[in-house]
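Colleague: Using the sequences and the accompanying hints, generate a full structural model.
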Amino acid sequence: MKIKFFLWYVFFGLLLMGCRDAESAIDHKQNVKVHLSMDVAVTRGTSVLPTAEGYHLRYVLGVYKQNNGTLTLVQRMPQTTPDFNLQLAPDETFTLVAWADFVNSGVDNSALISVEDEFYDTQSLKNVTIVKDKWTLNTPARDAFCGRIADVTSATSDITMALKRPFALLNVKGNYSDVSSIKVTYPSVYTSYDALKGDITGTASQEILSGKTLSADANQILAFDYLFTHPLADGANYQEGSILYDVNLDFFASNDATGNALKSFNIDYVPFTINYKTNLICPAENTTSVKVSCTIDADFATPDVDGNKPFIVSSYIRGNFYQKGDISTESMLACNDLIYMVVQPYGDGTLYFETPENNATFTGGVTHLDSYAGRNGVIAFDGTGEMNAGPHLMNTASAAMSAFSFATWIYIDEWTPDAVLFSKTVGDSKVALQFGGVPEEMKFIVGSEISELTATGLLTGAWHYVGLSYSAKTVTLTIDATKTADAVSNTGTMPFRAPTLLGSNFKGKLDETFFSGIKFDNPAAYKDKELTFKGDWNATKTLAYWKYDDASDKGKDSQTWVEIMKDIRSKLTGKNILFRLGVAGGNWKTMCASSVAIADFTRNMKNMMEQYDIDGADIDFEWPSSGADYTNVSNALIALKDGTENRVISPTLHPLYYKISAEAIAKMDWISIQCYGPSPDRYPVEQYKIDLQKVISDGGIPKEKIVAGLPFIGATNGKPTQAYNTFTKNNLITSPDQNTVTYSGDEYLFDGQTNIKIKTRYARQQGMCGVMSWDLATDVPFTNSLSLLKAMKEAAEE
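Reading the sequence shown from the start, the letters are residues -22 to -1, 1 to 776 in mature numbering (1 follows the signal peptide of the UniProt record, and there is no 0).
Think of the hints as simulated: they come from the structure by calculation, not from any bench.
Only true hints are included.
Dumping the calculated EDC-like pairs for lysine to aspartate or glutamate here, alpha-carbon to alpha-carbon at most 20 Å: (1) 421 x 464; (2) 525 x 514; (3) 683 x 623; (4) 451 x 406; (5) 43 x 172; (6) 485 x 391; (7) 451 x 427; (8) 142 x 172; (9) 151 x 246; (10) 525 x 335; (11) 735 x 776; (12) 505 x 464; (13) 112 x 96; (14) 681 x 647; (15) 485 x 419; (16) 104 x 94.
What you are looking at is a predicted structure, and each value in this text was computed from that prediction instead of being measured.
Modeller: Listed below in structure tokens is the structure:
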């Protein structure tokens, strides 16, 4: 599996300790921000970081002062994030040297802050040396990257340093069923690297490594290793090697490379090229006339072998639960595949996001004011302007919303009949909140039906708080926290897709404006407090929130799926975790039935993944109910995989709905099977096994592509499911063997910790790709002894 891995982090400051002369000018130092990124596609068509389970990335930045051709180390800064904030003295010039590698995360990922040397001694970046007692074969965490940039001054703009590998990858290949271990001898090999010069350094020495061979896959890879090399002078000559090493190979039947060797090969002058991999392909025969063939492959990636494939532990993040604080960082870090459930397809292939990005644009007479009449950061309308909030408010991907709320601070300069607070129009149908003919009167329009609303207290010349809620064909209006119109009927039909416009014909100011996707019993709930999210479920349903505080970006929406995603990813520092988006629901049937819509959907997904460095997508279209549906979904999956290149694409299927095409199965990176609910019939262990074997035998899905889905919820007949953490909060869980509880008078079937372990072990024993859970918000935190994810993780790593 080629895994595309991206890093998103938050900047934090580190004070650069200067030399004696610079210290006297410390008050005049200038900030220079440095971002380190791994350039893993230098010579290849893929962007791949190796799996390094149990390790996290550590970054070392060396700051060297340039002075008459010499470089003097000013500071060595190790940290776990790739963003550095330097303070550089003026009139001085610096060279920056960076190194990035993997270090141990400790038991249960408890040491993610560690910056101690692990595989390489980096105390001097002029002499980065392999730690020999940690030098072992088949260790993907030995991957590393480095780079340098010269002539940096305090006037330098923000810097991004693309780090590159300083070595080649050796692959030893062969098809030996009787071999269990290997000894690799390098008669003369370099073990140190000068990151300042970008070349090997020191003296070559003999090194002998041994270890168990990998369970070779179709590529027949038995062992791999990383070797320092010279830089490549001419990229066109990569096959000649940037250095030549002799390599001796011995294969053994024992597990520890002892006893008599079954096969031995001595290969002289093997070419190794920086950032390429060298394949030594060993023959089955062991005679003096047989030669080991050697190739150099531009696709430098840690080998795809059974012994190196991570067992997937996947789960889902729902944005509103994350914002509320129901998902712990430790739980996210325990997974190696995280799916942020946020995307729905419109029928035409356009993407709808559960928390849309509604950055507003303005036309006409709209200006930003730093303050007005006691409020800071407001926008002013002169009656000719308009605010366009985009086309994704008050609707989902498939229909208009049946409930929503709106609220804003408003200062009315002049009462203009029919002035618009908000409106959305499709043909003859609209939804709008407008001024009435005189002060203290408003009207709410749905479809073509107009409801007259009393707005007592809404007068010119002062700030007022207007709140409106709509649900079940009725509307409630509040002015300054007082309900002035309550449960007024309006049976009109809501419009679907169109831009939401604010401020048309309005003369006055707005501040702290928001829309919500639910009905507030009190539309003025946030009149006297800032709209915050932790612990506030209603607040997490906010669809758009404009504070108007930034004069340079007065239409910035502060509540978007992008902002939530950035916050999530800031918690995933230093871990090799796939971050993908979940695509579920919406108008998927219409989209999948149209080749044009599929093409647009694919293009939109690709553009979005590239824009935000997303690793892939999980597709959960529930559920195909006909042969045509399965064909259409299969076509959409194939197009998405083909169109998003090396992104990881997986569908989520169900034991009752799994018959996608053979071509779609072959294209997918893996396939998740929801072995749970909504009926409790799916929960017993034996049924779980039957369901998985059914999708293998009847659906033609190879077991090695299956990610088995496990529930962190309980089910009962005819009722909604309940979260496992609901049972723990009510002290209903008394044993890890427990699989039933009685809650609110109903018996729920669920998977306790023992069942979770049994099901996880079964997936491993069957050679499946991994396990996934629904979902992180329904479990207790990973640090809680009752955590189901903790049980899953333990079984996955046994």
